[in-house]
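Novice: As a plain string of letters, each chain reads:
Number of protein chains: 2
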Amino acid sequence: MKYIESTQNKQIKEHAKLLQKKERDRSGLFLVEGHHMIEEAIAANCLKEIYLLEGEDNFTDLEPIFCSQQVINKLSSQNSNAKIIGVCTKPDIQPEKFDVVLLLDGIQDPGNVGTILRSAYAFGVDYVYLSKDCADIYNPKTLQSSQGAIFHIGTMNTDLYDTIRFLQIENTTIYATSLHEPYKNLQDVKPKLPYGLVLGNEGKGIRQDILNICDMSIKIEMDTFESLNVATACSICLYTLKHAS
Amino acid sequence: MKYIESTQNKQIKEHAKLLQKKERDRSGLFLVEGHHMIEEAIAANCLKEIYLLEGEDNFTDLEPIFCSQQVINKLSSQNSNAKIIGVCTKPDIQPEKFDVVLLLDGIQDPGNVGTILRSAYAFGVDYVYLSKDCADIYNPKTLQSSQGAIFHIGTMNTDLYDTIRFLQIENTTIYATSLHEPYKNLQDVKPKLPYGLVLGNEGKGIRQDILNICDMSIKIEMDTFESLNVATACSICLYTLKHAS
Chain A
1 MKYIESTQNK QIKEHAKLLQ KKERDRSGLF LVEGHHMIEE AIAANCLKEI
51 YLLEGEDNFT DLEPIFCSQQ VINKLSSQNS NAKIIGVCTK PDIQPEKFDV
101 VLLLDGIQDP GNVGTILRSA YAFGVDYVYL SKDCADIYNP KTLQSSQGAI
151 FHIGTMNTDL YDTIRFLQIE NTTIYATSLH EPYKNLQDVK PKLPYGLVLG
201 NEGKGIRQDI LNICDMSIKI EMDTFESLNV ATACSICLYT LKHAS
Chain B
1 MKYIESTQNK QIKEHAKLLQ KKERDRSGLF LVEGHHMIEE AIAANCLKEI
51 YLLEGEDNFT DLEPIFCSQQ VINKLSSQNS NAKIIGVCTK PDIQPEKFDV
101 VLLLDGIQDP GNVGTILRSA YAFGVDYVYL SKDCADIYNP KTLQSSQGAI
151 FHIGTMNTDL YDTIRFLQIE NTTIYATSLH EPYKNLQDVK PKLPYGLVLG
201 NEGKGIRQDI LNICDMSIKI EMDTFESLNV ATACSICLYT LKHAS
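So the protein sequences, as listed, match chains A and B. Be aware that the first sequence starts at 1, since it is given in UniProt numbering, and climbs by one per residue. Be aware that the second sequence starts at 1, since it is given in UniProt numbering, and climbs by one per residue.
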């Protein structure tokens with residue numbers, strides 16, 4: 001049985017660096033926490049290593065490294081005491097089709113990006129493109145909000161402008177969610193496959209140069225002049241467009 | 001000009017207690033942060049006191065108390081340096097009608113409760129009932145996610161079972177969002193006013209005794225066996241039911 005007690009252990013110090021985006025980018029690895037995420041990582045064949053709190057039962061086929069609570073805490077992003085941490089390789093998911101794609105422009109809150117990925121998976125989105133200034137999908141908060149969707153849906157950090165131009169050549173209609181005129185009300189949009197949906201930054205919305213090349217703007221009808229949370233707006237559009245197409 | 005430099009100031013120590021639910025419940029007061037929330041509080045006639053970081057411009061008609069950054073930080077729930085904090089009385093909002101009501105059963109994440117209130121206000125919900133184990137609507141995280149909706153929409157902490165029984169006597173149809181059979185797909189529900197929508201706890205869903213007395217269960221159609229974030233599910237239902245009624 002392998003056991004690590006000290007937070008000064010070299011391997012632990014290396015893996016704790018994965019809490020930082022820079023190290024995740026460099027290594028291609030990331031950390032997951034909790035029973036559900038570990039099971040998702042195993043199913044996706046992405047789990048490399050398991051750190052398990054001493055005394056806990058191992059529910060996987062892998063041989064875990066048992067650790068003191070201090071070691072687990074050093075690898076955990078949460079305040080509460082975690083019990084299991086996994087080291088994963090980033091999944092490489094190739095979609096069968098590109099009928100419905102999402103494009104996220106500068107969405108900076110990890111919780112929002114995670115909730116969007118969760119909804120995208122639930123509603124059968126084929127692929128998600130993220131501008132390079134979006135929250136990292138392997139950020140622990142993003143992973144937590146995504147509930148493991150990251151192991152099921154293909155994603156890519158990319159230049160959104162070029163991607164939209166490419167998709168349009170491939171006959172994909174690009175819808176922008178925007179409060180700027182001219183727009184169509186969501187209830188009046190009857191999309192044909194393939195289509196893409198662009199969501200913008202929480203405060204500033206979609207960048208003007210990207211908005212300019214979208215084929216149509218969509219507005220979610222509201223009773224007030226208020227706005228919606230971006231993950232909420234995304235999910236309403238995905239669900240409604242799916243049932244209108 | 002009033003100025004407070006020390007975090008040991010008696011008034012500051014008293015108002016800092018408002019970061020705790022117990023003190024908010026006792027006093028009927030709560031704290032808000034930031035330009036947008038202060039404006040909402042003023043518009044709702046709920047603002048009692050403003051603490052403004054020294055050197056900042058006062059954009060309100062009230063006389064602020066200028067404070068050191070340390071004092072502002074003591075009143076703030078955020079890590080980043082806040083600049084303005086308001087002390088508010090809890091709003092008392094009486095709706096004109098009860099055509100569409102929300103009922104939240106044990107929703108414990110403050111961000112979820114806030115996002116639900118934000119969507120409820122955007123989609124013209126008349127009133128929101130919350131079970132007593134929901135996150136406090138005056139929790140700083142709830143307020144932040146609600147984007148000030150709390151100043152526009154009436155809410156009450158209540159016994160949901162009794163409330164549902166009362167609403168049903170008043171001819172309100174009560175829909176539960178639930179994955180348990182029997183259910184109707186959301187696309188097939190054609191609600192008549194007045195109606196209520198029940199949302200359940202993030203992990204456990206709606207309590208069985210409450211589920212038992214609801215008139216119908218609604219399922220949001222999904223491609224996978226995954227679930228949605230509760231605020232996402234709520235918002236999709238509110239938007240879709242509104243356009244189906």
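Hint data in this document are derived by calculation from the structure and do not stem from the laboratory. Don't take each hint at face value.
Identical chains share a label here; the pair holds if one copy fits it or two copies do between them.
Within a straight-line C-alpha distance of at most 20 Å, the following computed EDC-like cross-link-like pairs (lysine to aspartate or glutamate) qualify [to be verified]: (1) Lys141 x Glu226; (2) Lys97 x Asp223; (3) Lys242 x Asp188; (4) Lys190 x Glu221; (5) Lys242 x Asp223; (6) Lys10 x Glu96; (7) Lys2 x Glu170; (8) Lys132 x Asp162; (9) Lys192 x Asp223; (10) Lys242 x Glu226; (11) Lys17 x Asp136; (12) Lys22 x Glu5; (13) Lys184 x Asp61; (14) Lys141 x Glu202; (15) Lys219 x Glu14; (16) Lys141 x Asp109.
Note that the coordinates shown come from a computational prediction; the quantities given were computed from them, not determined experimentally.
Novice: Treating 20 Å as the Cα threshold, decide for Lys2 and Glu170: within, between, both or neither.
Specialist: neither (53 Å within a copy, 64 Å between copies)
Novice: Given a CA cutoff of 20 Å, do Lys184 and Asp61 count as a within-copy pair, a between-copy pair, both, or neither?
Specialist: neither (52 Å within a copy, 40 Å between copies)
Novice: My question is about Lys242 and Asp223: at a cut-off of 20 Å on alpha-carbon distance, are they close within one copy, between copies, both, or neither?
Specialist: Answer is between; shortest inter-copy Cα gap is 11 Å, intra-copy 23 Å.
Novice: Using 20 Å as the alpha-carbon threshold, which applies to Lys132 and Asp162: within, between, both, or neither?
Specialist: Within one copy only: 13 Å inside a chain, 50 Å across chains, cut-off 20 Å.
Novice: I want to check one pair: Lys219 and Glu14. Are their C-alpha atoms no more than 20 Å apart within a copy, between two copies, both, or neither?
Specialist: Neither: 47 Å inside a copy, 45 Å across copies.
Novice: Is the C-alpha distance from Lys17 to Asp136 at most 20 Å within one copy, between copies, in both cases, or in neither?
Specialist: within (15 Å within a copy, 35 Å between copies)
Novice: How would you label the pair Lys10, Glu96 (within, between, both, or neither) given a Cα cut-off of 20 Å?
Specialist: neither (41 Å within a copy, 65 Å between copies)
Novice: Using 20 Å as the alpha-carbon threshold, which applies to Lys141 and Glu226: within, between, both, or neither?
Specialist: So Lys141 and Glu226 pass the 20 Å test across copies only (19 Å; inside, 26 Å).
Novice: Checking an output row: Lys190 and Glu221, CA cutoff 20 Å. Within, between, both or neither?
Specialist: both (16 Å within a copy, 18 Å between copies)
Novice: With identical chains treated as interchangeable, where does the CA-CA distance between Lys141 and Asp109 reach 20 Å or less: within a copy, between copies, both, or neither?
Specialist: both (9 Å within a copy, 14 Å between copies)
Novice: Go through the copies and call it for Lys141 and Glu202: within, between, both or neither, with a Cα cutoff of 20 Å.
Specialist: both (17 Å within a copy, 16 Å between copies)
Novice: If the cut is 20 Å between Cα atoms, do Lys22 and Glu5 qualify within a copy, between copies, both or neither?
Specialist: For Lys22 and Glu5, the Cα distance exceeds 20 Å both inside one copy (26 Å) and across copies (39 Å).
Checked against the numbered hints above, the structure breaks hints 6, 7, 12, 13, 15 and satisfies the rest.
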